[in-house]
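S.K.: Sequence:
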Amino acid sequence: MKFIAYDPYLDPSSAQELDVELTDLDTVFRDSDFLSVNVPLSDETYHLVNYAKLKLMKPNAYLINTSRGPVVDQDALVTALKTGKIAGAGLDVFDPEPPNADDPLLALDNVILTPHALCWTDQCFAGIGSQNLKHVFSIKRGAPPSVLVDPNVIDNSEFKLKLERYKQSSS
1 MKFIAYDPYL
11 DPSSAQELDV
21 ELTDLDTVFR
31 DSDFLSVNVP
41 LSDETYHLVN
51 YAKLKLMKPN
61 AYLINTSRGP
71 VVDQDALVTA
81 LKTGKIAGAG
91 LDVFDPEPPN
101 ADDPLLALDN
111 VILTPHALCW
121 TDQCFAGIGS
131 QNLKHVFSIK
141 RGAPPSVLVD
151 PNVIDNSEFK
161 LKLERYKQSS
171 S
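Residue 124 in this note's numbering sits at position 124 of the sequence shown, with consecutive numbering throughout.
Quick caveat, the hints were computed from the structure, so don't treat them as lab data.
Being a predicted model, the structure only gives us computed values, none of them experimental.
Keep in mind that the hints are not guaranteed to be accurate.
[To be verified] Listed next, with one range per pair, are the computed distances between beta-carbon atoms: (1) Val39 with Gly127: 18 to 26 angstroms; (2) Leu25 with Glu164: 37 to 45 angstroms; (3) Phe137 with Asn50: 42 to 50 angstroms.
Beta carbons: idealized from backbone N, C-alpha and C, even for Gly.
Using the sequences and the hints, build the whole thing.
M.R.: Below, the structure written as structure tokens:
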């Protein structure tokens with residue numbers, strides 16, 4: 001199985017470690033059999049998946065959106081699904097959320113819809129709690145948490161100063 005991705009912010013060495021080929025956005029839409037959208041909602045990603053992008057997809061391809069509803073132009077997705085531009089979609093986010101009772105997505109057979117519920121299990125909640133505590137204790141010691149959205153912040157002087165203040169305040 002081949003994994004391709006588009007991420008303008010990802011360090012290429014990170015992708016290489018995961019055996020993922022970084023490419024441009026149009027190629028991801030054109031070449032993917034299963035296209036999973038995993039981005040935050042921002043001005044840059046609003047309607048990132050629009051009709052022009054959906055038209056690039058293979059007719060046997062599936063779109064999976066677990067990020068945020070407005071990342072996908074839902075009207076364009078409905079059109080692509082109804083006309084066979086793509087084979088199907090799996091969604092756990094909608095625009096609006098929750099979907100209206102008359103939302104055309106609810107009537108399509110080639111769509112799987114689920115609630116946006118990351119993981120409602122005891123194990124998940126225990127794991128989240130313990131991870132968060134580890135991060136808090138790490139920061140109290142003046143060390144960065146093990147997971148950062150932007151690892152480049154470690155080199156930021158203001159970030160270093162904040163960590164030092166946390167370390168001093170907990171001594």
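S.K.: Could you run down the list of hints and mark each one as holding or not?
M.R.: A quick look at each hint next to the structure:
1. Checked against the hint of 18 to 26 angstroms, the pair Val39 and Gly127 passes, with Cβ atoms roughly 24 angstroms apart.
2. Our hint of 37 to 45 angstroms for Leu25 and Glu164 holds, since their Cβ atoms are close to 40 angstroms apart.
3. Evaluation of the 42 to 50 angstroms hint for Phe137 and Asn50 yields a pass: the beta carbon distance comes to about 44 angstroms.
Checked against the numbered hints given earlier, this structure breaks none of them.
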